[in-house]
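Whenever a hint applies, use it, and build me the whole structure from the sequences.
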Amino acid sequence: MELREQSQPAENAAADLTLNEEAMMAPETIEENVEVETAGEATPDHCRAMTKDDIIATLEAISEKDGADISREEVSSLRQHFHAIRKSELAAEKQAFVDNGNDEAAFTPAPDPLEERFHQLTETIKEKKALYVAAVEAERKANLDKKLAIIDELGKMAEDTDNVNKLFPRFRELTQEFKTVGEVPPTDTTDLYRNYSAAVERFYDQLKINKDLRDYDFKKNLEQKQLLIAEAEKLAAEEDVITAFRRLQELHDKWREIGPVAKEIREEIWNKFKDASATVNKRYQTFFEERKARERENEEKKTAICERVEALDFDNVKSYAAWDQLTKEILAAQEDWKKLGFASKKVNNSLFARFRETCDTFFAKKAEYFKTMRDTHAANLEKKTSLCERAEELKESTDWKKTADKLVELQKEWKTIGPVEKKHSDAVWQRFQTACDYFFDRRKKATSGARKAEQSNLRQKQEIINELKAISDETSRDEAIKTVKELMAKWQQIGHVPFKDKDKVYDAYRAAVNDLYNRFDMKESKAAMANFADTINEISGDENKLYRERERLVRVFEQKRNELKTYENNLGFFSVKSKSGNSLLKDMERKMQRIKDDIATLEEKIKMIDSKL
Numbered sequence: 002m003e004l005r006e007q008s009q010p011a012e013n014a015a016a017d018l019t020l021n022e023e024a025m026m027a028p029e030t031i032e033e034n035v036e037v038e039t040a041g042e043a044t045p046d047h048c049r050a051m052t053k054d055d056i057i058a059t060l061e062a063i064s065e066k067d068g069a070d071i072s073r074e075e076v077s078s079l080r081q082h083f084h085a086i087r088k089s090e091l092a093a094e095k096q097a098f099v100d101n102g103n104d105e106a107a108f109t110p111a112p113d114p115l116e117e118r119f120h121q122l123t124e125t126i127k128e129k130k131a132l133y134v135a136a137v138e139a140e141r142k143a144n145l146d147k148k149l150a151i152i153d154e155l156g157k158m159a160e161d162t163d164n165v166n167k168l169f170p171r172f173r174e175l176t177q178e179f180k181t182v183g184e185v186p187p188t189d190t191t192d193l194y195r196n197y198s199a200a201v202e203r204f205y206d207q208l209k210i211n212k213d214l215r216d217y218d219f220k221k222n223l224e225q226k227q228l229l230i231a232e233a234e235k236l237a238a239e240e241d242v243i244t245a246f247r248r249l250q251e252l253h254d255k256w257r258e259i260g261p262v263a264k265e266i267r268e269e270i271w272n273k274f275k276d277a278s279a280t281v282n283k284r285y286q287t288f289f290e291e292r293k294a295r296e297r298e299n300e301e302k303k304t305a306i307c308e309r310v311e312a313l314d315f316d317n318v319k320s321y322a323a324w325d326q327l328t329k330e331i332l333a334a335q336e337d338w339k340k341l342g343f344a345s346k347k348v349n350n351s352l353f354a355r356f357r358e359t360c361d362t363f364f365a366k367k368a369e370y371f372k373t374m375r376d377t378h379a380a381n382l383e384k385k386t387s388l389c390e391r392a393e394e395l396k397e398s399t400d401w402k403k404t405a406d407k408l409v410e411l412q413k414e415w416k417t418i419g420p421v422e423k424k425h426s427d428a429v430w431q432r433f434q435t436a437c438d439y440f441f442d443r444r445k446k447a448t449s450g451a452r453k454a455e456q457s458n459l460r461q462k463q464e465i466i467n468e469l470k471a472i473s474d475e476t477s478r479d480e481a482i483k484t485v486k487e488l489m490a491k492w493q494q495i496g497h498v499p500f501k502d503k504d505k506v507y508d509a510y511r512a513a514v515n516d517l518y519n520r521f522d523m524k525e526s527k528a529a530m531a532n533f534a535d536t537i538n539e540i541s542g543d544e545n546k547l548y549r550e551r552e553r554l555v556r557v558f559e560q561k562r563n564e565l566k567t568y569e570n571n572l573g574f575f576s577v578k579s580k581s582g583n584s585l586l587k588d589m590e591r592k593m594q595r596i597k598d599d600i601a602t603l604e605e606k607i608k609m610i611d612s613k614l
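One point on numbering: in the working numbering, the residue at position 18 of the sequence shown is 19, and numbering is uninterrupted.
Everything labelled a hint here was simulated from the structure, so no lab data went into it.
Derived lysine-lysine pairs resembling BS3-like cross-links, with alpha carbons at most 27 Å apart:
{"no.": "1", "residue 1": "K453", "residue 2": "K501"}
{"no.": "2", "residue 1": "K416", "residue 2": "K597"}
{"no.": "3", "residue 1": "K470", "residue 2": "K491"}
{"no.": "4", "residue 1": "K142", "residue 2": "K66"}
Here it is, written out as structure tokens:
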């Protein structure tokens, strides 16, 4: 509709001018703008954290309210959230039914008392709201009848040209009564005000009322309309665009209720009010266009987050580190989600349900994996604890040969059992090792008849250590290598030392040899260790690979220790009665020395990995 007033014959100008003002701001146009506002509002988010009990409690509180105080949007949000929770419960119940080996087609959900109560409450609220709406509509219809009766009476008064002075007080009463009557049905508002304005204008213009009285009304109406214009112009500075728009609708309602002004300024006054209204309406429209743009952007970002988490592989995760990495990615996605505002009303809830479903699936699979691993570790701990108990039962035995064989078998069985939780690993291993060592120490003391020889061997080995330490840096490399090899060969020919001194003297020996190896660059394994260090540096950023390499080295380390323990145990039963027997003994001792060297190297590699973790 073109926003301008039409020229009219002089006698009808006042009446038709007001009619055009009312037509240009018809209630249908106002209702259309209000609908735009409602459709653009974001879905409330306060109910998402509610449980079913919370929703029922909220609905019960709402059901106690008057129909005028019930919000359809709030009830709709609660209904959607309840159905979403119930849907998730039914899905979980059905999955559990199928996981128990049942046929999916035979599934029947268990009755939910809360769901029945939910339907009762929503029906009660719906009925109460319907009664309120019906009452409002009835009241509006009654108001329409009252206003139509007033218009009808005004029209008859306009035709009675002989009694204008007598009728004017009644005219004022009717116009005041028209303003005090409440709202009418929106579909009748435009025609109603058009007819009312026409009747009023006819009374003023066609009956030629007393000019002074007419001018007084025009002046009063001008003052009221100027106040409305000032208020409308102030709304341009209102920060809340929606509040400004709603306030503008109230000003238009008041404008329609105010009578005409002098003909010569009617168009000027109307144009000022119209221009102020256009500014508010433009801001209102821009506000919703910008919000829709933000909602579209949020929809795209939320869709991208959904696709991001859906692309993660939850089905082939085989380690704690991998689960931890995926957990970080899921939590990061959730943080990104929280930073975003609402998407459009039609997709916001579905996007959240999609994202929530993927997150729930991940955490369910993670919980299942950790439960399985806890069960496996617990079973391994139970097996290793059983071996500890059996070893402790044997440790006091004096049947040296038979018991030693049994303990060796237990040691082999130990190797076949998988890992246990880290907090129990060292303790259970120490318990088992302590029991085994206790027996073998007792056996060694009971079978040792050569302590003097061991003391002599100890002195000889200490002399060799002193000779190794005596090699100075001024010695040539070739001479140093020759001397070291001779002393090492001599060391191998020397028999056992007292058990309590063997580790101490051997450590001193290895320290002296290693020092010479380093000083004269004799250690062939140095390059290999450097290569290993390079490899560890390359994978230092991947904790998963470092843990796997450490576990492999620990297994080899335990294997070497057990192998060394077996050799030491066997030496207790070894008796040299021939030259070939003596050669075999030396060969065993050389093998033991190599094992000890390997153990030292493994310890160094494990420490190197630990420094990276």
